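Start from chain A and add chains B, C and D according to the hints.
Each chain, letter by letter, is given below.
Protein chains: 4
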Amino acid sequence: MPMSDPATALQDTIDDLVTANHILFREGIVDAFGHVTVRHPSNPSHYLMARSMQPVFVAGTDIVELNAESKPAANEAPAVSLERFIHGEIYRVRRDVTAIVHSHAAAVLPFSVTRDTPLRAICHTAGFLGRGAPIFEIRDFAGESSNLLVQNNQLGAALAGSLGKSAVVLMRGHGFTVVGGSLQEAVYNAINTVLNARVEMDAIRLGNITYLTEGEAATVSKLHNNSLNRSWEVWAKRAAGELP
Amino acid sequence: MPMSDPATALQDTIDDLVTANHILFREGIVDAFGHVTVRHPSNPSHYLMARSMQPVFVAGTDIVELNAESKPAANEAPAVSLERFIHGEIYRVRRDVTAIVHSHAAAVLPFSVTRDTPLRAICHTAGFLGRGAPIFEIRDFAGESSNLLVQNNQLGAALAGSLGKSAVVLMRGHGFTVVGGSLQEAVYNAINTVLNARVEMDAIRLGNITYLTEGEAATVSKLHNNSLNRSWEVWAKRAAGELP
Amino acid sequence: MPMSDPATALQDTIDDLVTANHILFREGIVDAFGHVTVRHPSNPSHYLMARSMQPVFVAGTDIVELNAESKPAANEAPAVSLERFIHGEIYRVRRDVTAIVHSHAAAVLPFSVTRDTPLRAICHTAGFLGRGAPIFEIRDFAGESSNLLVQNNQLGAALAGSLGKSAVVLMRGHGFTVVGGSLQEAVYNAINTVLNARVEMDAIRLGNITYLTEGEAATVSKLHNNSLNRSWEVWAKRAAGELP
Amino acid sequence: MPMSDPATALQDTIDDLVTANHILFREGIVDAFGHVTVRHPSNPSHYLMARSMQPVFVAGTDIVELNAESKPAANEAPAVSLERFIHGEIYRVRRDVTAIVHSHAAAVLPFSVTRDTPLRAICHTAGFLGRGAPIFEIRDFAGESSNLLVQNNQLGAALAGSLGKSAVVLMRGHGFTVVGGSLQEAVYNAINTVLNARVEMDAIRLGNITYLTEGEAATVSKLHNNSLNRSWEVWAKRAAGELP
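Which chain is which? The protein sequence lines are A, B, C and D, in order. Mind the numbering: the first sequence is residues 161 to 404 in the numbering used here, read in order. Mind the numbering: the second sequence is residues 161 to 404 in the numbering used here, read in order. Mind the numbering: the third sequence is residues 161 to 404 in the numbering used here, read in order. Mind the numbering: the fourth sequence is residues 161 to 404 in the numbering used here, read in order.
Just chain A, same shape as in the assembly (with noise of 0.2 Å):
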């Protein structure tokens, strides 16, 4: 929308965010914990994020603005999430991340608790794994008995480091993180994520598989707009309950 002036982009945004926080939880995605982000438009350094609270709840006037250092703009906030390092330090070294995910989506767990059976992509929809979804042990970075939650910066770039150039990253026994260009494409991301890893899970017990290669793989993942906006549609009617 780069004719728009700022605050209509920054309400759409808004309206947009809001949406999405309904078609993640309305898709398993996120259910009372879980969080989704966007750059702000007009302040590419700073994002938005709903406070702390339960995504399914969340209205336009819960939406916060944050930093580059996580910490909320304006002077009086409401309290915002523990784990919003996740976003920031994504968003600081990612020029071309435009919204980020979060989830605690059970089909995805299993993969982040093993290095034995790597989540590839196998299907079309989910070429945005084709470099391959890192783990992120933090173990390794917080130590024998964290908590398991990115809940500074340190540990926010470390998880960012994992990801590397990567969509999705794995968090063991805890979630994944999944990037994507725009909301509407981080949300698709998300939602193929936990596609992916059901079909995966299940072709593992056939036999030998036949992943993506990495040039199918980026073929598929130029998705264009028109189908993001094809699913999200979808998804948006059925959060606001119209589609069963």
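Hints listed in this document are in silico derivations from the structure and should not be mistaken for laboratory results. One or more hints might be untrue.
[Claimed, not checked] Output of the computed footprint for chain D on chain A, the stretches with three or more beta carbons under 8 Å from beta carbons of chain D:
id, stretch
1, 166-180
2, 191-203
3, 275-286
4, 305-311
5, 323-334
[Unchecked claim] Restraint-style ranges between C-beta atoms, simulated for each label pair:
id, chain 1, residue 1, chain 2, residue 2, range
6, C, P166, B, R255, 58 to 66 Å
7, D, A219, C, D165, 34 to 42 Å
8, C, N389, A, D300, 20 to 28 Å
9, D, N227, C, D165, 44 to 52 Å
Predicted, not measured: the structure shown is a model, and the values here were computed from it. Cβ coordinates follow ideal geometry from the N, Cα and C atoms, glycine included.
Only chains B, C and D this time, still in chain A's reference frame:
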């Protein structure tokens, strides 16, 4: 409906095609993507398909007539699916086919990415699988870095070649395509392909499996229209929100 | 209900049979196919069954009385199920049986197609499986190319022979049939057969299993009517759309 | 709520207990069976429990006060659960426990019937499993032909002995019992026991698993009331039909 006039037959076919779109969404065979088509009732070299859109939102006014080359028959037509060639090329070589469903259903995908455990007829509701479900490896036709989509007539013809005389062709890493002698049969076959895949996935854990014999598969697949309608009525009611 | 007059007893039985049809649909035991029957309360050689139709649409006026040969007792009767012989022949030889359910539920089907891992009682709610669940291989009676359906008295008698004194008989590639001393018990046993199959399917992945002993199975299967009614009430409310 | 008067505290506790019953039904932890209890807020040797009935139908007037021997405190009380001794005997020896849930959830049952793959803490939401989940083999206490129910104080005491200092005890072929320092925590632990079981069931297929260390389990299980309330609010809304 041999006695009905062409206009009525066309309208009835369009109505059924709309219902098929809604059923396939509700039963999880399609999501924002996937499609279903039917031969034109009075011009059998043409077929009918919704314009490029989400199946759950399809209405009668969204149905487009495509010719034997999968080009819109009308001068001014809305955008149509990139993958319509799946349908056009199967209709060309399979005169026994009246309707086709293309799906990305996650339960079937694992069988598309390995040749070690073929999808085979195991349930009496899936006799149509009796000839086997060949795998279409698009890499053999589109190279190592394709987007996996069947987006021209050549790839459509290759897919139709893999299908051969079978009812189902698995598309590696992408989904499957299933045919029927009527819209009701194609929808029934799509839903029961998923069911058979689920049962086989579990059965292989238990030991050696007794699959249907060729004779059994042939016999059970001689379904009467009454049986197809019986399922269709339940699915249509559910798609309309009148059943859980 | 020994004190009620025959007409009231019959109407109560029909009402329960209608509810059983709706429960079995809602709980996923039947879909457009599958059926449930009950002995006629005042003529125990006859039984009651919905005409050939989808269980979820059954109303009291759809219930048909069938005689010991599974022929409609009335001169003008609607079309009845091709597979009614399952019921008639079990009622003939099992005087302890008052109600029967026939299902194609996908969770049980895998156990019907292999003899390597028998379905056995593993949960305290499935003591009725204590005698084992024999497999009816219709190929032994109908040859190599049958439609797998039990569509005459001879096949029904063969099925009843396989069932023997058990509560459940698995039908290879087709489904299962389960009996009970009341409609409530047959429905309970059907739903818990599916549950036990799911638990066993998962348990076999974990290691050696402690199944119920014969003594435990016998003890836990002495269910009081109170327990059966307790489940029935929840299922009936859910079938009526009053519970999620 | 140390400042509230006893009558208010009791009413608040009863209200929460009713909500807990509805949540556990909606989340699939209980069905027509299973139960949840809480210590009496002003008489800690007594506890509160619904009369013998389906959890989803429980209202405030169904709550019964039971004494340390699991007998109703009032002279005229409705029928109470056969298995109330599970609760009474755990409250007796575990002064740190304020609430208890007993469930037959199918996802956990497989871990109760084998000793080859223990249920262990794998997710950061299941740190309470860090001490392990011992298996209560009722056969050791009630013989080879019991009904598997904990239906007297002796069996309740044996179960409490198996539980020891853990948060969860698996009951072979029957279900599990889980404790918490509050109703909110017991419900949270019940739901996350099921979640952890599902993740572990899948993870064991993938290779060697990194479980939580004892230190991690201890750290993540120090959940703040805020976290528990956050989940409880979502579950309560869903149980009330206000969320999908």
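Unsatisfied constraints (hint numbers, rising)
1, 8
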